[in-house]
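All chains, please: the whole structure from these sequences, using the hints.
For the sequence shown, full-length UniProt numbering begins at 1 and goes up steadily by one.
Quick caveat, the hints were computed from the structure, so don't treat them as lab data.
Heads up, some of the hints might be wrong.
[To be verified] Taking CB as the label site, the calculated pair distances span:
no., residue 1, residue 2, range
1, Asn447, Gly21, 24 to 34 Å
2, Glu407, Glu685, 22 to 32 Å
3, Glu499, Gly400, 28 to 38 Å
All values derive from a computational prediction rather than experimental measurement.
Even for Gly, the Cβ is constructed at its ideal location relative to N, Cα and C.
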Amino acid sequence: MKTEILPPKAKKIEKRLEIHGDVRIDNYYWMNERENPEVIQYLEEENQYNAEMTAHTKDFQLELFNEMKGRIKEDDESVPYKLNGYWYLTRFETGKDYPIYSRKKESLDASEEILFEVNEMAEGYEYYRLGGLNVSPDNKMVAFATDTVSRRKYTIRIKNLETGEFYPEEIKNTTGGSTWANDNKTLYYTKKDEQTLRSFQIYKHILGTNPEDDQLVFEEEDETFNAYVYKSKSRKYIIIGSSSTLTTEYRILEADYPEGEFRIFQPRVRGLEYSVSHYEGHFYILTNKDKSVNFKLMKTPVDRTEMQNWVDVIPHRKDYLLEDIDIFKDFLVVGERNNGLNKIRIIRWDNNEEYYIPFDNETYTAYTSINPAFNTSILRYTYNSLTTPTSVVDFNMETGEKTVLKEQEVLGNFDKDHYQSDRIWATAEDGTKIPVTMVYRKGMERNGENPLLQYAYGSYGSTIDPYFSSVRLSLLDRGFIYAIAHIRGGEYLGRGWYEDGKLFNKRNTFTDYIDVSKHLINEKYTSAKHLYAMGGSAGGLLMGVVINMAPQLYNGVIAAVPFVDVVTTMLDDSIPLTTGEYDEWGNPNEEGYYEYMKSYSPYDNVVAQDYPNILVTTGLHDSQVQYWEPAKWIAKLRELKTDNNILLFHTNMDAGHGGASGRFEALKEVAEEYAFLLDLEGINE
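What follows is the structure in structure tokens.
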């Protein structure tokens, strides 16, 4: 790579940040001024530097892009599902970036009715996202939502499916989701706070009226909670949820009576988490009540919903995490996790017969899919693994018969038998065994020479399951091993795995990742010369910490939309997400949390030392991690690092946290990341 090109040099304006008698000096605090022309200029200078430094890989990036795109079946469509008399489909056409949503009445042989042709709707926009599709009970209208900025602030509109006309009302600044009452004219939706983007108000809109006259039916006043609204699968209840990291609360209203008042299901109790599903005369409750760390299933009569009336259906088990349930007329389906592996458990209501759907792999992902029908014995689920493309399966719960409706088609010369996946265990510094799943081309030798990309997330109890990726083949086919480190902070090994990786246990997340890296090197899967680290968002925080703590282990690091200025962000309750995150990271307004957070915050711990080669990406309109966090981090790294390694920063000036909106545009970002890794390995074709 060229080194004579000089990187941008950000100006320094000293900002004193003082709390708890401690002073931090932030020389790049000024970068949070989104409208400041100097900020935009700095971002554009970094983009220009990135373009010049990677100019020699542009042809290779295009080659990678075309290769990844070439594996995707462009004229593809989803497996249809039936809801309220209509089959619903999503399809893509060759050469087009956006989906087409349609439906067919009663039979798949019926004529197609186009709901939305998103390619036409997206014309003229750099970013376009359509979501929240919600058809009225009489099938005559559909509510939908659009975001054209990527700040996740959606505008809800309503389309008349009989005439094709759009109703004039536009409901702005929402989460995008909505739900119809059974009268076909009342629509419930969630509003966001303009500044913090916290979803905190539930409104009721009457079709054909001015949204300014909409009625506020609930406001969540606790800044650490978010609110949302949906309808039960039975279609009998409108449910308002309110949740924080540790606590939930629900309100219910019969969907036939939207003029009524919501009643509290069970008042919030700090630390009590529960979710509700309706079936005949009872609500079924997935909850951690009674210190059920891995959750249990309880039920209660519809007219006595307070927790003193709850009784056990599936008791708590320390080795099984209960993740979700699906209710059918004759069956209860339970999604569980045991020893890191997904389990789907089928229970008959009538005689309590039960069994598990068999899976025969150690690195798979299986979960229930779209199951809107209630009176059916068919369960739809999705299955894939690191080596097996995604399959959509209809499973007959009466007979045990499986019907594979579709397996993801990978174009080109893909053969799943050319790849192998393993699960291994690394030992953390405290003796804990950390699971790692990996995939590579068969014939790999453990000689320490293999390039290896180690990925992890490790926060919010979010589990990165071993999943198939046709895009990833571009690395595997060039000799890379891909490894997912299932570190603490996720829920791969149950809820306790999450508890051991948050608040005052957060450092376990970081040291687990480093210990996995050391294990991969010691076992000669790779070496420090060929080991690469990658993570995004909270996983980007992980990247920032590990390169401060153990930079010598990695040749290159990719940090996408990284949350790296932890202390300053968590002290600013005007920033989106901050207050709702206190139960995840701690509240630094309390001195103990402040000191602990400061001890690992990547931006606060950049020092004069050698760092690996680094690529950082962000989006100007990111609503989750503000662009200035990585911008400041890059500037400080440029100032202090003592090496000549590459440091690149790319800001997508048109996108947010999820990157580009088109299905192929997003591949260009992946091609950029892969070219960075492959170039460091000296691979350019």
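Checked hints:
1. Asn447 to Gly21: 24 to 34 Å: violated (54 Å)
2. Glu407 to Glu685: 22 to 32 Å: With Cβ atoms ~30 Å apart, the hint holds.
3. Glu499 to Gly400: 28 to 38 Å: Since Glu499 and Gly400 have Cβ atoms about 37 Å apart, the given range 28 to 38 Å holds.
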